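Colleague: Chain residues, written in single-letter form:
2 protein chains.
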Amino acid sequence: MSLLIVGTVAFDTIATPFGKADMVVGGSAQYGAYAASYFVNSINLVSIIGDDFPQSELDELRSRGVQLEGLKVVDGGKSFFWEGKYHDNMNDRDTLITDLNVLADFDPVLPDSYKNSEYILLGNLTPDIQISVLEQLDVKPKLVMLDTMNLWIDIARDSLMKAISMCDVLTINDEEARMLSGEHSIVQAAAKILEFGPRYLIIKKGEHGALLFDQDNVFFAPAMPLDRVTDPTGAGDCFAGGFLGYMAKTGDISFDNMKRGLIYGAAMASFVVEDFGNHRIKRVTQADIKERIIRFIKLSQFTI
Amino acid sequence: MSLLIVGTVAFDTIATPFGKADMVVGGSAQYGAYAASYFVNSINLVSIIGDDFPQSELDELRSRGVQLEGLKVVDGGKSFFWEGKYHDNMNDRDTLITDLNVLADFDPVLPDSYKNSEYILLGNLTPDIQISVLEQLDVKPKLVMLDTMNLWIDIARDSLMKAISMCDVLTINDEEARMLSGEHSIVQAAAKILEFGPRYLIIKKGEHGALLFDQDNVFFAPAMPLDRVTDPTGAGDCFAGGFLGYMAKTGDISFDNMKRGLIYGAAMASFVVEDFGNHRIKRVTQADIKERIIRFIKLSQFTI
Numbered sequence: 141m142s143l144l145i146v147g148t149v150a151f152d153t154i155a156t157p158f159g160k161a162d163m164v165v166g167g168s169a170q171y172g173a174y175a176a177s178y179f180v181n182s183i184n185l186v187s188i189i190g191d192d193f194p195q196s197e198l199d200e201l202r203s204r205g206v207q208l209e210g211l212k213v214v215d216g217g218k219s220f221f222w223e224g225k226y227h228d229n230m231n232d233r234d235t236l237i238t239d240l241n242v243l244a245d246f247d248p249v250l251p252d253s254y255k256n257s258e259y260i261l262l263g264n265l266t267p268d269i270q271i272s273v274l275e276q277l278d279v280k281p282k283l284v285m286l287d288t289m290n291l292w293i294d295i296a297r298d299s300l301m302k303a304i305s306m307c308d309v310l311t312i313n314d315e316e317a318r319m320l321s322g323e324h325s326i327v328q329a330a331a332k333i334l335e336f337g338p339r340y341l342i343i344k345k346g347e348h349g350a351l352l353f354d355q356d357n358v359f360f361a362p363a364m365p366l367d368r369v370t371d372p373t374g375a376g377d378c379f380a381g382g383f384l385g386y387m388a389k390t391g392d393i394s395f396d397n398m399k400r401g402l403i404y405g406a407a408m409a410s411f412v413v414e415d416f417g418n419h420r421i422k423r424v425t426q427a428d429i430k431e432r433i434i435r436f437i438k439l440s441q442f443t444i
Numbered sequence: 141m142s143l144l145i146v147g148t149v150a151f152d153t154i155a156t157p158f159g160k161a162d163m164v165v166g167g168s169a170q171y172g173a174y175a176a177s178y179f180v181n182s183i184n185l186v187s188i189i190g191d192d193f194p195q196s197e198l199d200e201l202r203s204r205g206v207q208l209e210g211l212k213v214v215d216g217g218k219s220f221f222w223e224g225k226y227h228d229n230m231n232d233r234d235t236l237i238t239d240l241n242v243l244a245d246f247d248p249v250l251p252d253s254y255k256n257s258e259y260i261l262l263g264n265l266t267p268d269i270q271i272s273v274l275e276q277l278d279v280k281p282k283l284v285m286l287d288t289m290n291l292w293i294d295i296a297r298d299s300l301m302k303a304i305s306m307c308d309v310l311t312i313n314d315e316e317a318r319m320l321s322g323e324h325s326i327v328q329a330a331a332k333i334l335e336f337g338p339r340y341l342i343i344k345k346g347e348h349g350a351l352l353f354d355q356d357n358v359f360f361a362p363a364m365p366l367d368r369v370t371d372p373t374g375a376g377d378c379f380a381g382g383f384l385g386y387m388a389k390t391g392d393i394s395f396d397n398m399k400r401g402l403i404y405g406a407a408m409a410s411f412v413v414e415d416f417g418n419h420r421i422k423r424v425t426q427a428d429i430k431e432r433i434i435r436f437i438k439l440s441q442f443t444i
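Chains as they are written, first to last, in my numbering: chain A, 141 to 444; chain B, 141 to 444.
These aren't lab readings, by the way, just hints derived from the structure by calculation.
Quick caveat: nothing in here was measured; it's all calculated off a predicted structure.
It is possible that part of the hints are untrue.
Which copy? The list can't say, so a pair holds if one copy fits it or any two copies do.
Calculated pairs, DSS-like style, for lysine-lysine (alpha carbon to alpha carbon, straight line, at most 27 Å) [said to hold, decoys possible]: (1) 282 <-> 438; (2) 345 <-> 438; (3) 332 <-> 438; (4) 332 <-> 218.
So here's chain A without its partners, still in its complex pose (with noise of 0.2 Å):
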């Protein structure tokens, strides 16, 4: 099954209490890419870099079945750079530049080999260019994720409606839920915000797990309690590419098969936060993933 994943692909300085690193590669396409690639090698990733990226991850991505042919490079332009600092509590974290760089124009326009991809993961983007990918599909995709953040709900809210209303899974956080939807409760959030046009939503709490909603069902996923969270850069993006991965690879979307998918996401999660950048989700292996996997079910199964 096809995976198309739009987003950025970018540097990144960031510092944590545990240290910094420096222009590290990052981007919630790279990002989402890198954990679905450990579940589908067939993905399809549109965005946009200047010319001072790097080849050999370029090449790392291609060596997964990441393909490349929607990747537009710049000429003589700038990749889009982002640095922030994370608070003590690593929940909360200050944005100290943001150049978009090439990212200013991207106006993507989809390669004739991507136009029939079957699961479609957008990643946090202005919601015209969310919309602008979904019409230059040629056939209707099983399934259509959609990622924002607050800025779009501020500045852009009738387009994100828009975007919203087409996609079948909207993912956000516990902040923007609110903001969207104008309830406090979660619970009323997430009933206010499935009338909007998805049918299911994934409300993530960070370090406190995420909640899938569709109209009759709630399913929590936790996260994993880790020794050390060196570097939360990433999460939320591994977390939507291992659970669209996971969807794609099996083929069901049913509501049960979803809660699957969010557990491997999760795990998708617990290791990119690992490590800086995207150092710890490139080494991953399938052990890896059976071995953390084991530890989610001692964590949240029981018996009654």
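Keeping the supplied structure of chain A fixed, place chain B upon it in accordance with the hints.
Modeller: Here is chain B on its own, set in the frame of chain A:
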């Protein structure tokens, strides 16, 4: 199996975004006793009140098998009073008034009939009182659970460390775990606290659930996502009472059975927050509990 509960029986005035309740019945021992009464009918309560406490409330507790021989009534005294106001997020609250009243001189003397209790719930009181209760027991109990708070970590650390070393299950919230251990990571905090003596540690995270640790295992019990949380007061006490009530009912203190106990505790907590004070926790039925446990199973169980 007999369950001894030591803690407060009190009046609370509570303001939340959903309303205000004046002088409702509260207190850790009162909440714990109600929650436990759905599992065992031999509960030995130890607390202190003034003669201002309504007889009907005492009759109600007694009708559920709660022994009140250890409840000291001070003639002409006033019961402990707490007034608080919850923030919009319901996780934070400001204490407006704390009138210790008769609690200021509380020095519990265990009735002889209590001294062979097998399960002990030491609600949040001064560590010296908690130690004194344990020292009055005639036989070594099967399981001692101790609740505490940031105040005692701050001002009575030596006594608290002694009390902790005498308990089997310590229950504290995530911020208190960080204070007590000096570790930010919850996993590292838990490892350090287990070295202080308790075999088990329960870290409560309010609406984000609770974690149970021993040396080798960790289990996560989610909180039930609710349409509305009307009043969080008593949630931790009902969690503890439900947990230890289930332990006492089953008589099985294995880690696997503690998992079930945590789920029953989370269920009792999910009831009490549905209304002010003890209004809801008094009216729970066995059918309600069964239905709520099924919701917990649906919420958190998956197959891989």
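Colleague: For the identical chains here, do residue 282 and residue 438 meet the 27 Å Cα criterion within one copy, between copies, both, or neither?
Modeller: between (32 Å within a copy, 25 Å between copies)
Colleague: Please sort residue 332 with residue 438 into within, between, both or neither, judging by C-alpha distance up to 27 Å.
Modeller: Classified as between; 21 Å across copies, 34 Å inside a copy.
Colleague: With 27 Å as the alpha-carbon cut-off, assign the pair residue 332 and residue 218 to within, between, both or neither.
Modeller: neither (40 Å within a copy, 47 Å between copies)
Colleague: Should residue 345 paired with residue 438 be assigned to within, between, both, or neither, using CA atoms and 27 Å as the limit?
Modeller: both (21 Å within a copy, 19 Å between copies)
When each numbered hint is compared with the structure, a violation occurs for hint 4 only.
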